[in-house]
Amino acid sequence: MRLMQLMFAASLGMASSLALAGETAYTVRPVELKAKPFADADTLANLAEKSGVEVVARQGSWNQVKANGATGWVKMLSLRFGDGTQKKTGDSGLGALFNVASTGSSGSTTTTGVRGLSEEKLRNPHPDPQALQQLGDLAASQAEAQQFAKSGNLSAAQMDYLPAPAKRGKEDE
Amino acid sequence: MNKKIIFWVLLGGMALPACAFDFGDLQKTLKSVQKIQQEVKQATEDVSEPKEIELGGGIASNLLGAAPLLQNKPVQRYVNSIGRWLASQTERPDLPWQFGVLDDNDVNAFASPGGYVLITKGLLSHMKSEAELAGVLAHEISHVLRKHHLQAIKKGARTGLMAEFAGQAMKQKGANPDLLKLVNAGTELYARGLDKDDEFEADRMGVVIAARGGYDPYGLPAVLQTLQGLNKQDSSLALMFKTHPALEDRLSLLDRLMSGRFDSFESQPDLAARFKTVMDRAR
Numbered sequence: 001m002r003l004m005q006l007m008f009a010a011s012l013g014m015a016s017s018l019a020l021a022g023e024t025a026y027t028v029r030p031v032e033l034k035a036k037p038f039a040d041a042d043t044l045a046n047l048a049e050k051s052g053v054e055v056v057a058r059q060g061s062w063n064q065v066k067a068n069g070a071t072g073w074v075k076m077l078s079l080r081f082g083d084g085t086q087k088k089t090g091d092s093g094l095g096a097l098f099n100v101a102s103t104g105s106s107g108s109t110t111t112t113g114v115r116g117l118s119e120e121k122l123r124n125p126h127p128d129p130q131a132l133q134q135l136g137d138l139a140a141s142q143a144e145a146q147q148f149a150k151s152g153n154l155s156a157a158q159m160d161y162l163p164a165p166a167k168r169g170k171e172d173e
Numbered sequence: 001m002n003k004k005i006i007f008w009v010l011l012g013g014m015a016l017p018a019c020a021f022d023f024g025d026l027q028k029t030l031k032s033v034q035k036i037q038q039e040v041k042q043a044t045e046d047v048s049e050p051k052e053i054e055l056g057g058g059i060a061s062n063l064l065g066a067a068p069l070l071q072n073k074p075v076q077r078y079v080n081s082i083g084r085w086l087a088s089q090t091e092r093p094d095l096p097w098q099f100g101v102l103d104d105n106d107v108n109a110f111a112s113p114g115g116y117v118l119i120t121k122g123l124l125s126h127m128k129s130e131a132e133l134a135g136v137l138a139h140e141i142s143h144v145l146r147k148h149h150l151q152a153i154k155k156g157a158r159t160g161l162m163a164e165f166a167g168q169a170m171k172q173k174g175a176n177p178d179l180l181k182l183v184n185a186g187t188e189l190y191a192r193g194l195d196k197d198d199e200f201e202a203d204r205m206g207v208v209i210a211a212r213g214g215y216d217p218y219g220l221p222a223v224l225q226t227l228q229g230l231n232k233q234d235s236s237l238a239l240m241f242k243t244h245p246a247l248e249d250r251l252s253l254l255d256r257l258m259s260g261r262f263d264s265f266e267s268q269p270d271l272a273a274r275f276k277t278v279m280d281r282a283r
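So the protein sequences, as listed, match chains A and B.
All residue numbers for the first sequence refer to my numbering, where the first residue is 1 and numbers rise by one.
All residue numbers for the second sequence refer to my numbering, where the first residue is 1 and numbers rise by one.
It is possible that some hints are incorrect.
Calculated pairs, DMTMM-like style, for lysine to aspartate or glutamate (alpha carbon to alpha carbon, straight line, at most 20 Å) [claimed, not checked]:
1) K196/B <-> E248/B
2) K232/B <-> D42/A
3) K36/A <-> D263/B
4) K73/B <-> E23/A
5) K50/A <-> D255/B
6) K66/A <-> E54/A
7) K181/B <-> E54/A
8) K34/A <-> E266/B
9) K36/A <-> E266/B
10) K147/B <-> D160/A
11) K181/B <-> D263/B
12) K50/A <-> E248/B
Chain A stretches covered by chain B per the calculated footprint, using a threshold of three residues with CB under 8 Å from any CB of chain B [unchecked claim]:
13) 23–32
14) 40–53
15) 68–80
16) 126–140
17) 146–155
18) 159–166
If you're looking for bench data, these hints aren't it; they were derived computationally from the structure.
Even for Gly, the Cβ is constructed at its ideal location relative to N, Cα and C.
The following block holds chain A by itself, in its conformation from the complex (with noise of 0.2 Å):
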């Protein structure tokens, strides 16, 4: 099944899919399975909201998932990685947590086992002149990228930013 869907995307030239490590998500709304990654495919299965799925794979906007002992595709943005047990991932938890980790290392600025990018280096700067050298040697020119793109087939598009969307609380309320 899969293999098919893969054969049939590379025949259209289609973003390949990726096969992902059977992640754990949980769907945010009420979505069709769908028998493959395209909106008028047949739908499996309806998943109601807060359904547990394994992510298999993605293609563009779509995830590969198991669910209920099928296999289909769902859109991926109505996923969030997880179990969703969890309440918000904002900061509180790993704010309280980062804040512990950097008490214990304040005070030195050469602590071992501090990380590279601890708060901690960020807020003591040392500017390493030699390496910003070496980081200009390394850029691309604009003909040496329009190459690179070249050879992996890719081709502008146009297309405007897309505008700020209405405050939340207005639209779902």
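Got chain A sorted already, so can you dock chain B onto it with the hints?
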């Protein structure tokens, strides 16, 4: 331009005593003086592009002091090619764009004024395709395009400091204390993060720039999705989480925004095979 402003300031000054007894006129005059003062402030604080690059280079140097460049030329050149190609699809194609991979296991990416973009090896290791890398680079490019960091530094700096810096001649002899102050303030910003709206704007622009570059535009949301699936207690994620809006909110925004608008870009390539070839060589 400057002469004109000075003229109006002088005129405002002269007009002031002349109509001091007419209260309505006085208010009007005061208002116009305030407006002129704002214009003067604006004119002097507009940082020229060479100055923006000088400041951004200083910040990039500090970031490189915190984490070294990955010593792998094929990977660095690969990231530079993608980045430069994406930047060429934007309103600032001619900045001296420079992209680099930091040899650090933290999961993060940084943009610095003037066209510097750095991404950690840790973040790269969670990606599966060139389109995902392009999505993240396009997000960072957007910060540069909209001068998010420059604005934030300006906002946080002592009043007038940015104006003084903006007015100074380039390449002064010896250390420039104003530049150093702004560079260090700019570096500290990465420990605190930008406004949430700046991050949302960069997401919104990033998916468009990736689409313009011919990539599968769902690379950026795919990376955000992957990060959401990681163990949230992992310390390599701490700084990124602390300085960015919640992944849930970023994904919800992209969900609402991308729905129906990217259908014609859906089948653009993600170049997963090319990405894998380069990364395999890196390991």
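Where does the structure disagree with the numbered hints, that is, which hint numbers, in rising order? 2, 4, 7, 11 and 14
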